[in-house]
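My request is simple: use the sequences and hints to build the entire structure.
Those sequence lines, one after another, are chains S, A and U.
One point on numbering: in numbering that gives the first Met the number 0, the residue at position 196 of the first sequence is 195, and numbering is uninterrupted.
One point on numbering: in numbering that gives the first Met the number 0, the residue at position 245 of the second sequence is 244, and numbering is uninterrupted.
One point on numbering: in numbering that gives the first Met the number 0, the residue at position 275 of the third sequence is 274, and numbering is uninterrupted.
These are calculated hints, taken from the structure and not from any lab test.
Hints are not guaranteed to be accurate.
[To be verified] Covered stretches of chain S (chain U as the covering partner; in silico rule of three or more C-beta atoms under 8 Å from a C-beta of chain U):
(1) 1–10
(2) 18–24
(3) 109–118
(4) 237–245
(5) 250–256
[As the list claims (entries may be wrong)] Only part of the chain A face toward chain S is listed, based on derived beta-carbon distances under 7 Å:
(6) T70
(7) F79
(8) S81
(9) H87
(10) P97
(11) R101
Just so we're clear, the structure is a prediction, and the values are computed from it rather than from any experiment.
Note that CB positions come from ideal geometry on N, CA and C, so glycine has one too.
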Amino acid sequence: MSRALRYLLLVLSLVAALAPVYWMFTISLKSEVDQFASPPAWFGFTPTLEHYYDAFVTRSFGEYLITSAVVAVGSTLCALVLGTFAAYALARFRLPYDLDRRVSLWILSTRMFPAIVTAVPLFLMMRDLRLLNTKAALIIVYTAFNLPFVVWMMRGFFDEVPRDLEEAALVDGDSRMGALFRVVLPLVAPGLAATAVFCLIVSWNEFLFALVLTQTDASMTLPVGIAGRVTQYEIKWGVMSAAGAVAIVPILVFAMAMQKYLVRGLSMGAVKG
Amino acid sequence: MSIKFKNVTKSFGDTCVVDDLSLEIDDGEFVVLLGPSGCGKTTTLRMLAGLETVTGGDIFIGDERINDVPTQHRDLAMVFQSYALYPHMTIAENIAYPLRVRKLDKDERARRVKDVAAMLEIESLLDRKPRQLSGGERQRVALARAIVREPRAYLMDEPLSNLDARLRVQMRGELKRLQHQLGTTTIYVTHDQAEAMTLASRVAVMKRGRLQQFDTALNIYNHPANRFVAEFVGSPSMNFVDGKIDGGVFICESIRIPVARENTDQITIGIRPEHIRVFNEPQNETIAATVYVTELMGNETFVFLSVGKNRLIARAPAEFRADVESPVWLGIVADKAHFFDTQTGLSI
Amino acid sequence: MPKSRRSSNAGSKRGARAQTLLPYLLIAPAVAVLLALSIYPLIYSVSVSLQIGDGWGIGNFARLFSDNFFLTAMAHTFVFAVAALTCEFLLGLGLALLLNSQIRGRGLFRATLLVPMMLPPVVAGVVWRLLLNPNFGAINGTLKQIGIDTESLTWTASPRLAMLSVIVVDVWQWTPFVFLVLLAGLQAIPQEPYEAALIDGSSRWQTFRHVTLPLLKPAILIVLLLRTMDLLRVFDQIFILTEGGPGFATETISLYIYRTAFRFFDFGYAAAMSFVLLALTNLISIFYIRFLKHESRA
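Given below as structure tokens:
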């Protein structure tokens with residue numbers, strides 16, 4: 000395959016990937032008149048920020064944004080703490096009855112549940128606990144959602160640290176936990192960061208559980224807010240696009256930062272990217 | 000501090016890796032655990048360090064039984080085969096780590112690190128990271144980290160095996176001097192019998208988890224307890240010939256060696272290469288042999304010989320020459336010969 | 000330097016016991032959270048699914064066989080999954096094979112390709128609703144420009160084209176995923192087998208069949224497994240694009256369960272259906288994993 004053709008293919012795929020997103024950005028910046036223009040204008044139009052203003056100041060998208068952020072950060076922190084400790088124990092200790100391998104597999108299997116299967120009972124449970132329409136409910140649920148992933152990823156990273164180092168730390172007089180904090184964690188820091196970013200992205204994007212568990216302005220996340228606008232009669236495309244555009248920005252930033260670990264995370268460690 | 004192993008056993012599942020080991024090590028001794036891979040020497044060391052649990056028996060440091068004492072409280076220092084330096088810390092931080100963990104204050108830590116670095120001549124490396132150092136330098140850092148806290152004993156797991164041959168010989172000497180200077184009990188694991196011979200005050204030879212012999216290096220060399228020890232220690236290794244003794248003469252095919260022993264039908268004789276003299280001409284009471292090959296070492300010559308179905312190795316002076324397949328004559332220093340029971344391998 | 004020193008025996012017995020407990024203490028919180036939020040809801044769901052009318056019974060499960068909507072939703076899900084998977088796999092594999100060489104700016108390229116699959120699926124839905132809008136969407140606009148009559152091309156509002164639209168969106172979003180994983184798999188294959196094949200005189204197709212494919216199998220299987228799982232439980236983007244419509248045209252099983260539970264408030268029936276879905280995905284993943292294990296042993 001000649002190089003020119005190869006590069007052409009590359010460029011085409013990039014365009015195919017980005018063009019639709021770019022289109023949404025243009026809609027968010029076009030006045031209503033421009034939006035309905037025919038033929039569709041990809042470049043030559045005067046941008047306006049009225050939709051952004053409308054979405055985030057007049058309407059509640061600002062609130063949704065903050066809710067999304069709070070929930071994402073909260074659940075990521077919880078999942079990281081719980082999951083990293085568990086991953087360390089599973090990576091380092093040989094438990095009786097092959098427990099470490101079995102627990103690992105069990106944890107991974109919970110990731111395979113279709114969301115709707117647990118969404119229905121969780122709705123009923125949260126309703127009974129009076130936790131519907133709260134950020135807390137989402138943080139709790141997203142933590143459980145992210146845990147298997149954290150355990151799986153971090154276990155892989157821990158496996159890459161030679162046991163020698165912890166043994167040396169123990170013989171030097173450190174406690175097991177001290178060795179974990181002083182010797183092992185600094186060495187898996189990049190992996191920890193990558194895992195954190197994945198969790199943030201997953202929590203940020205999540206839709207079904209948020210849809211089921213939160214219906215009020217005070218507790219809705221950004222995806223739910225956007226969806227709400229769609230299912231109404233009068234669809235304000237500009238507002239929706241503006242909200243969508245803002246929803247994407249953190250993703251773009253993180254994608255740039257974490258693309259090195261991406262393939263490994265996406266394939267659950269099966270393929271080293 | 001003295002160290003004692005009393006009937007110590009270690010099994011992984013059904014596999015017994017260390018079998019009823021009993022050893023008493025005096026304070027200040029340099030003891031080497033010697034044996035082929037898989038003999039249980041590293042496992043023994045790790046049990047002492049607390050990195051493996053003890054399946055049976057007791058381990059004592061001084062008067063204290065330490066089976067249940069967690070690793071971090073045993074106050075032993077260990078030098079790993081891979082050195083196990085902390086990659087994200089500087090050399091100074093690496094050495095200071097045991098002190099930091101014991102909560103010594105910053106100034107005291109810095110002082111001790113400097114002293115130890117001076118002793119091992121690594122002061123110029125203190126600000127670097129482990130990946131910037133050569134193998135020999137890393138090894139000295141590992142030593143420094145062990146020394147800096149003045150532990151009850153040093154444990155060393157084949158620390159020289161990752162160095163190239165020349166450096167290994169050099170470090171051997173430095174280790175010995177260091178231990179002499181510090182006077183701390185040291186237990187050293189290796190499969191290299193030359194290291195054992197040069198470093199140890201006493202050597203414990205192990206095979207398949209069992210202790211074969213525990214004695215000074217010289218005694219092990221001159222009075223091996225069984226055939227395994229005799230064969231393992233000494234390079235090139237001892238020659239063994241199976242035969243019988245009749246009328247005060249050891250007989251095997253054309254080999255005749257006068258020995259002051261009773262007649263037996265079956266016995267194995269062991270002769271070290273340096274106790275076989277090789278002559279180009281027949282002499283009084285010599286045995287005919289054929290040269291298989293010679294190896295010129297520079298300072299001496301190894302002569303590989305065949306006598307009937309037996310293969311022997313002899314050490315000859317540097318000037319000795321003989322062609323392949325040429326006939327030579329051997330003189331055996333009979334009073335230096337060792338005898339082993341052909342079935343059990345025990346020395347008799 | 001002093002020769003020897005007494006050691007501290009403080010808390011050694013207690014220390015030893017704490018050591019053996021430590022791994023369990025570290026794992027317990029994570030396991031507890033998962034038990035409470037992943038396993039317990041399933042058990043709860045069982046009891047919910049067995050409640051019918053005012054009492055108990057398996058009526059909800061019996062209803063499944065005669066419910067046309069349920070069966071249609073299942074059919075839609077399969078059609079969607081098979082179509083999307085095929086396209087994503089072929090496109091992704093093709094691209095991976097064609098672009099398997101040193102590309103400059105690889106990091107940037109990878110990051111850009113990430114964008115479609117990192118989008119919140121809801122936003123992907125929005126993006127494509129905008130593109131597919133019959134009146135001002137770029138697709139119809141461009142088609143009109145080159146002279147195609149777009150009167151009947153109402154995409155997400157058209158019973159004929161809605162399923163196609165939904166499939167296209169998923170393919171757009173997830174082909175990069177397949178591409179990236181397969182590319183990584185390809186680049187992990189060492190050079191030697193290729194060189195040996197060349198020397199042995201193998202043609203390009205033969206090399207592909209006998210060298211590339213077998214060595215790529217683990218990556219392929221993982222990608223197929225993960226995508227299949229995701230496709231069977233699809234919800235987000237269809238919800239935004241068509242809400243299952245027009246009518247029932249794009250209603251997949253997850254959407255139907257959602258509607259049953261949260262529009263009709265028939266939780267029992269919804270629970271019963273979700274178990275069927277769970278059983279299905281379990282079966283398929285077991286099948287895949289067994290295949291994977293078998294392959295990796297070979």
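ask   = Which of the listed hints are not met by the structure?
value = none
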